[in-house]
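The listed protein sequences correspond, in order, to chains A and B.
Per this note's numbering, residue 76 is the first one in the first sequence, and the count goes up by one each step.
Per this note's numbering, residue 3 is the first one in the second sequence, and the count goes up by one each step.
Honestly, I wouldn't trust all of these hints.
Stated by the list, open to error - Calculated from the model, a selection of chain B residues having no Cβ within reach of chain A, i.e. all distances over 10 Å: (1) G81; (2) K89; (3) K92; (4) R108.
Claimed, not checked - If you want the footprint, here are the derived chain A segments under chain B, 3+ residues with CB under 8 Å: (5) 165-172; (6) 190-199.
What the hints assert, rightly or not - Restricting the straight-line Cα-Cα distance to at most 35 Å, the calculated cross-link-like pairs of lysine-lysine (DSBU-like) are: (7) A:K224 with B:K105; (8) B:K105 with A:K223; (9) B:K89 with A:K215; (10) A:K174 with A:K223; (11) A:K251 with A:K265.
None of these hints come from the bench; they were simulated from the model.
Each residue gets a CB set at the ideal place from its N, CA and C atoms; glycine is no exception.
Here is how the chains run, residue by residue.
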Amino acid sequence: CAGRAGPERGSRGGAAMDLFGDLRRMNKRQLYYQVLNFAMIVSSALMIWKGLIVVTGSESPIVVVLSGSMEPAFHRGDLLFLTNFHDDPIRAGEIVVFKVEGRDIPIVHRVIKVHEKGNGNIKFLTKGDNNEVDDRGLYKEGQNWLEKKDVVGRARGFLPYVGMVTIIMNDYPKFKYALLAVMGAYVLLKRES
Amino acid sequence: RKNVEDFTGPRERSDLGFVTFDITADILNGKNGLQTFWNKNTIFDWNVKQLFLYLSAEYSTKNNALNQVVLWDKIMLRGDNPRLSLKDMKSKYFFFDDGNGLKGNRNITLTLSWNVVPNAGILPLVTGSGHVSVPFPDTYETTKSY
Numbered sequence: 076c077a078g079r080a081g082p083e084r085g086s087r088g089g090a091a092m093d094l095f096g097d098l099r100r101m102n103k104r105q106l107y108y109q110v111l112n113f114a115m116i117v118s119s120a121l122m123i124w125k126g127l128i129v130v131t132g133s134e135s136p137i138v139v140v141l142s143g144s145m146e147p148a149f150h151r152g153d154l155l156f157l158t159n160f161h162d163d164p165i166r167a168g169e170i171v172v173f174k175v176e177g178r179d180i181p182i183v184h185r186v187i188k189v190h191e192k193g194n195g196n197i198k199f200l201t202k203g204d205n206n207e208v209d210d211r212g213l214y215k216e217g218q219n220w221l222e223k224k225d226v227v228g229r230a231r232g233f234l235p236y237v238g239m240v241t242i243i244m245n246d247y248p249k250f251k252y253a254l255l256a257v258m259g260a261y262v263l264l265k266r267e268s
Numbered sequence: 003r004k005n006v007e008d009f010t011g012p013r014e015r016s017d018l019g020f021v022t023f024d025i026t027a028d029i030l031n032g033k034n035g036l037q038t039f040w041n042k043n044t045i046f047d048w049n050v051k052q053l054f055l056y057l058s059a060e061y062s063t064k065n066n067a068l069n070q071v072v073l074w075d076k077i078m079l080r081g082d083n084p085r086l087s088l089k090d091m092k093s094k095y096f097f098f099d100d101g102n103g104l105k106g107n108r109n110i111t112l113t114l115s116w117n118v119v120p121n122a123g124i125l126p127l128v129t130g131s132g133h134v135s136v137p138f139p140d141t142y143e144t145t146k147s148y
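Isolated chain B, as found in the complex (with noise of 0.2 Å):
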């Protein structure tokens, strides 16, 4: 994690952090376990054109009680292999805070998340089971580069 200038936004120095992470997730599988003949327990039904999948981290600072920065996101279509398994994964986004409340922050929470949008109908919002805490170091780093 280093604290550079955000060059995307507010030009006040902010801290930057990285993150790698593995994301194994079984998406077809829906709430529970059980196949009936109606009931494809699937998410992916005729009515589901694609889902918006987001990786998010969300945090709590001395600046702002709550944040929530979007780290990476995949569309995944009706039809794409709906189980992930993706390793080593850098964030797509940069993870800027709006201060610098990353440094000794113990407690990111990373949570899987995404969108169903139907063909028609209610556009629902759908948090994954499971999710991570990440704390960042006390220091920032300055030579290592990512």
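Looking at chain A on its own, in the form it has when it is part of the complex (with noise of 0.2 Å):
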């Protein structure tokens, strides 16, 4: 038994005749091991998402500037970083990212008119600052002001480019495959020595 495995390795060549032949060496049991060891990193980043949330208090704390309307501020490519109180109040000066009833897209725009009462209703218009006229043009037909249920956070952090690579992933799927098809070839065959 102890003399069999020498022989063979050496009989081939390439490295890429090593990788299937890793692959085939690897037993049953390594396989489930490695597939577990994938499993726990999916849950981990899952969780750690899922804790963000519940931290910050909006249903997407991180999102990605799609648009140039924030111009000179934020670019398209931007990652913005949410938070989204229930008591935090709204005011006007505050960057807001909310969504149109409706519509999936998020947009990120400066408050420019609060109008509160008395018992906490609060109704609120935006603009964007590279933009010439406020958002109504955005909003849905024949609404005229914004209300809390609709925003999706404040803006209190921000970093430049980092949200380049979901955009690049949504323009270009392929690329996001072949990214994912990377990233599981490494973690399914990476051996912990």
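Make the complex out of the two chains shown on their own, each in a separate frame, by following the hints.
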């Protein structure tokens, strides 16, 4: 039994052959182990994301800026960190991320008008820094104001450029699949020595 | 101040206010006048890309406990002159109330604030010290043009 593995390895050439050799020599137990490892990594990432949602109070605590309507402060591809605490009032000058009813795409603009009633009911108007006019053209037909329920969160911090990766992955799906394939292969084949 | 149809949005008649203002501000010097070797005592440090300045009017009406309307804004990039000395400015945006709460309103507070936009990091909102209270007259203007 001892002498069998040696000569076999020597007779194959090239890194690719070694890779397939590795794959074939991995027995079932090792494969399950690698898959479990992979599943743990994915679960941890999801848990961190859920944790962020809970801590910030926002359904989408990290967003990517998609348009140039807030230039020169934010550019397409910048990353924004949001909070959405229930008791935080909405005030003029704040940068909010909101969704128009019925549309999926979040918009990042600044609050320019606030009217708040004694009972806490708030209605507000937004406008992009780089836009000439306010956002009424973007709201739903007949809608003139935004309310608290439309808010995804308030922008508290930002990192430039980092979000470009998600934009590229969206615009070029082949790139996304290639990236996932490489990551999958790496995790499955990585050996803990 | 006039009572006109708010053509920018809701179709009911609302009060439209006209304000002219002067702004003198020295944004460069931060909270205190001391200058030390390390602390450059400037709001425009290496991590500040720009300031978004805005003048907002805050007031209460019968309709709404709190109203805030941004009348004017300006982007000040790092490198721009940090001292503002603007005279006789007209508001950039229409000062429409949500209703008729400007007539006879004695207490409209104008405040200058700014949003610090860093190269990377936290986005703070700062309110300048010093604000002005403006009263609106009890009657509407009919003839004077803006």
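Each hint tested on the structure:
1. With a closest Cβ-Cβ approach of about 12 Å to chain A, G81 (chain B) is found to remain outside the 10 Å limit, as its non-interface label requires.
2. Listed as a non-interface residue, K89 (chain B) keeps its Cβ farther than 10 Å from every Cβ of chain A; the least gap is roughly 23 Å.
3. Annotated as non-interface, K92 (chain B) keeps its C-beta farther than 10 Å from every C-beta of chain A; the closest such distance is 16 Å.
4. Even its closest Cβ contact with chain A, about 19 Å, leaves R108 (chain B) beyond 10 Å, as expected for a residue assigned away from the interface.
5. Note: the region 165-172 of chain A has 5 residues with beta-carbon separation from chain B under 8 Å; the three-residue rule is met and the coverage holds.
6. Only residues whose beta carbon comes within less than 8 Å of a beta carbon in chain B count, and the region 190-199 of chain A has 5; three or more means the coverage holds.
7. A threshold of 35 Å between alpha carbons decides the hint, and for K224 (chain A) with K105 (chain B) the separation of about 31 Å falls inside it, so the pair holds.
8. Our distance criterion of 35 Å between C-alpha atoms is met by K105 (chain B) and K223 (chain A), whose separation comes to about 28 Å.
9. The suggested pairing of K89 (chain B) with K215 (chain A) is violated, with an alpha-carbon distance near 39 Å, which exceeds 35 Å.
10. Of the pairs offered as hints, the one joining K174 (chain A) and K223 (chain A) holds, with about 11 Å between alpha carbons and a cut-off of 35 Å not exceeded.
11. A hinted pair counts as satisfied when its Cα atoms are at most 35 Å apart, and K251 (chain A) with K265 (chain A) qualifies at roughly 21 Å.
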